[in-house]
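In case you want the letters, here they are:
2 protein chains.
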Amino acid sequence: MPDRATIDMESWVCPAPLRGVPNIVMGHGGGGAMTGELIEHLFLPAFGPAADSQLSDSAVLAVGEVRLAFSTDSFVVKPTTFPGGTIGDLAVNGTVNDLAMSGAAPLAMSTAFILEEGFRLDELAPIAEAMGAAASAAGVKLVTGDTKVVDMGHGDGVYLNTSGIGVLDRHTDIRPQRASVGDAVIVSGDIGEHGIAVMSCRDGLEFATAVTSDTAPLHGLVAAMLGTGVDLHALRDPTRGGVAAALNEIARTAGVGIELVERALPIPAAVRDACGLLGLDPLYVANEGKLLAVVPADDADQILEAMRDHPLGAQATVIGHCVADHPGMLVTRTALGGTRVVDLPIGEQLPRIC
Amino acid sequence: MPDRATIDMESWVCPAPLRGVPNIVMGHGGGGAMTGELIEHLFLPAFGPAADSQLSDSAVLAVGEVRLAFSTDSFVVKPTTFPGGTIGDLAVNGTVNDLAMSGAAPLAMSTAFILEEGFRLDELAPIAEAMGAAASAAGVKLVTGDTKVVDMGHGDGVYLNTSGIGVLDRHTDIRPQRASVGDAVIVSGDIGEHGIAVMSCRDGLEFATAVTSDTAPLHGLVAAMLGTGVDLHALRDPTRGGVAAALNEIARTAGVGIELVERALPIPAAVRDACGLLGLDPLYVANEGKLLAVVPADDADQILEAMRDHPLGAQATVIGHCVADHPGMLVTRTALGGTRVVDLPIGEQLPRIC
Numbered sequence: 001m002p003d004r005a006t007i008d009m010e011s012w013v014c015p016a017p018l019r020g021v022p023n024i025v026m027g028h029g030g031g032g033a034m035t036g037e038l039i040e041h042l043f044l045p046a047f048g049p050a051a052d053s054q055l056s057d058s059a060v061l062a063v064g065e066v067r068l069a070f071s072t073d074s075f076v077v078k079p080t081t082f083p084g085g086t087i088g089d090l091a092v093n094g095t096v097n098d099l100a101m102s103g104a105a106p107l108a109m110s111t112a113f114i115l116e117e118g119f120r121l122d123e124l125a126p127i128a129e130a131m132g133a134a135a136s137a138a139g140v141k142l143v144t145g146d147t148k149v150v151d152m153g154h155g156d157g158v159y160l161n162t163s164g165i166g167v168l169d170r171h172t173d174i175r176p177q178r179a180s181v182g183d184a185v186i187v188s189g190d191i192g193e194h195g196i197a198v199m200s201c202r203d204g205l206e207f208a209t210a211v212t213s214d215t216a217p218l219h220g221l222v223a224a225m226l227g228t229g230v231d232l233h234a235l236r237d238p239t240r241g242g243v244a245a246a247l248n249e250i251a252r253t254a255g256v257g258i259e260l261v262e263r264a265l266p267i268p269a270a271v272r273d274a275c276g277l278l279g280l281d282p283l284y285v286a287n288e289g290k291l292l293a294v295v296p297a298d299d300a301d302q303i304l305e306a307m308r309d310h311p312l313g314a315q316a317t318v319i320g321h322c323v324a325d326h327p328g329m330l331v332t333r334t335a336l337g338g339t340r341v342v343d344l345p346i347g348e349q350l351p352r353i354c
Numbered sequence: 001m002p003d004r005a006t007i008d009m010e011s012w013v014c015p016a017p018l019r020g021v022p023n024i025v026m027g028h029g030g031g032g033a034m035t036g037e038l039i040e041h042l043f044l045p046a047f048g049p050a051a052d053s054q055l056s057d058s059a060v061l062a063v064g065e066v067r068l069a070f071s072t073d074s075f076v077v078k079p080t081t082f083p084g085g086t087i088g089d090l091a092v093n094g095t096v097n098d099l100a101m102s103g104a105a106p107l108a109m110s111t112a113f114i115l116e117e118g119f120r121l122d123e124l125a126p127i128a129e130a131m132g133a134a135a136s137a138a139g140v141k142l143v144t145g146d147t148k149v150v151d152m153g154h155g156d157g158v159y160l161n162t163s164g165i166g167v168l169d170r171h172t173d174i175r176p177q178r179a180s181v182g183d184a185v186i187v188s189g190d191i192g193e194h195g196i197a198v199m200s201c202r203d204g205l206e207f208a209t210a211v212t213s214d215t216a217p218l219h220g221l222v223a224a225m226l227g228t229g230v231d232l233h234a235l236r237d238p239t240r241g242g243v244a245a246a247l248n249e250i251a252r253t254a255g256v257g258i259e260l261v262e263r264a265l266p267i268p269a270a271v272r273d274a275c276g277l278l279g280l281d282p283l284y285v286a287n288e289g290k291l292l293a294v295v296p297a298d299d300a301d302q303i304l305e306a307m308r309d310h311p312l313g314a315q316a317t318v319i320g321h322c323v324a325d326h327p328g329m330l331v332t333r334t335a336l337g338g339t340r341v342v343d344l345p346i347g348e349q350l351p352r353i354c
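Protein sequence lines correspond, in order, to chains Y and L. Residue 77 in the UniProt record's numbering sits at position 77 of the first sequence, with consecutive numbering throughout. Residue 108 in the UniProt record's numbering sits at position 108 of the second sequence, with consecutive numbering throughout.
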């Protein structure tokens, strides 16, 4: 095994593909710029013509008259149980949400376990039970699976992959590319809870907080939003990399600027406190039961009303707009009227949490 | 981490669920009886009503007029490169083959990487290239993906999950349950190559052999077999646990006996030699480019002809039949006319190889 690669992020200026790093570093899994570079400069060229589009979180396929969404996600969270959830419900809800963000109703899910030799069955059972309960709650069937075991000392007890198939209405067309200047940006509720909950119980980082993970399946909320008949332009669940990563991606993909009103951001006091303690920006902290919606400004009130009628959207609120200025960039406008650029995270701002 | 569980397989007699073992052991990932017990006694009860049928290798879903096959597989092979292939082509072909065994044409695939911090990018790139080449060769698109990174010392460089969607003809009905007394059992070619190739280059076990992995996508061979119009009853790719595990599963599921003719088994001399050296039975050694077909005896010649016209079926041959005796059991008939029971493997007979 080669030596650990070290990167001084503060002074790092390397425009070259993959930033000249010869090895995988934690940042490649952070869902930010380094993950994007790995996909763009390694996976896509290597896959060649077999790769379809940009290997995004969820793909839409046409099969005869049927339109399907297809998504995959691996979960390597430590610890596997945290305030408000376990790796099991997280894995089910995460893939349900990836499907829901294209407007699909989840239909079927696969579950693949990579288990570490020596992992206790009485730790595994509650994780599997949480998966079953989450799947039942989301109305999705667990239809096929796989189990592998790796030598003790490798793995981390359990790594989990879920892949999912959802069904799309013929007319649904929700994608980041459709975000347009003037659109309102809505968040479905408080941000930062999942990341803070997981960090509060990580080895070496324990701290007291009342924050619990927001892990939840969002397809019902999306169905309620679709039920309004409003033309939803883009949806994203702000998981790894948080609101910052999700909105940066939408801004870059659509070629619009996005401006958030800092005062409008729903950040619970406990999340704000924990972020202060840890030196983190809540915009970069992961959520697992929230969505960001980009909708025509004139329809924002109608969408908000539908969202607030749903338990998972009760605190929905407009946090900003798409603008013509600074295309591809996310900025927040402060209470004093200044603006601050919120860049795409490079690698891991946080301990790995999803 | 609890102490390592030890099992004396020779003297082990424990009818209780999960054999009283409190921890995950390597055998739970071996694709044999212990994997089956983990699914039956832990995953299925825990998943509850969310679990559909028996969580088999591949599920068939009806969506409107469309019939889909859906499959998932994780790959944790060590080393990641071996004579005849890499974890990359193995992962693509493995999921193509799981889909093909239900008669489906592969349509789209997801790729999820769990990478170890410190893994060299110049080791990762050829693996990704092998995936792209295998997907192109199989005519399947890589449409969605995920990348996670785990701390150095965990993982094993790279773990890989592929999940796949295939499309089934309206009338295709290929499943183990349909194996019937009198049916012929066909194998598409030589057995034992993949397992021996991987073992020949494992740390601490290196030995000289000319055997290379048979990893290959089998959907084209299956399409040629379907093209005959013969009613194929059951198909299986004999991967983990080899021909023994695959045929035991068919026998148990269908409630038939299966009798193989030992002399008819196509075992290359080099595989036989290596198995002799290692004390292994070739029937338990993994294959990654072979299939077993259970077809009406009267149609066996027609199927063999179609198979032999395809490069991956050139050595196809009948190796046995389904019989009314000993339902649920697999036996081989020796050259001297005796029979030998070939049981479902309990756990790992082999180093982990897929």
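Calculated directly from the structure, the hints in this document are not laboratory data. Careful: at least some of the hints might be erroneous.
Pairs involving identical chains hold if they fit within one copy or between any two copies, as the list cannot separate such chains.
What the hints assert, rightly or not - DMTMM-like cross-link-like pairs, simulated, lysine to aspartate or glutamate; straight-line CA separation at most 25 angstroms:
hint	residue 1	residue 2
1	LYS78	ASP156
2	LYS78	ASP151
3	LYS78	GLU116
4	LYS78	GLU206
5	LYS78	GLU129
6	LYS78	ASP169
7	LYS78	ASP301
Status of the hints after comparison with the structure:
no.: 1; hint: LYS78 - ASP156; verdict: both (8 angstroms within a copy, 17 angstroms between copies)
no.: 2; hint: LYS78 - ASP151; verdict: both (18 angstroms within a copy, 11 angstroms between copies)
no.: 3; hint: LYS78 - GLU116; verdict: both (14 angstroms within a copy, 15 angstroms between copies)
no.: 4; hint: LYS78 - GLU206; verdict: within (12 angstroms within a copy, 35 angstroms between copies)
no.: 5; hint: LYS78 - GLU129; verdict: within (18 angstroms within a copy, 31 angstroms between copies)
no.: 6; hint: LYS78 - ASP169; verdict: neither (37 angstroms within a copy, 43 angstroms between copies)
no.: 7; hint: LYS78 - ASP301; verdict: neither (39 angstroms within a copy, 56 angstroms between copies)
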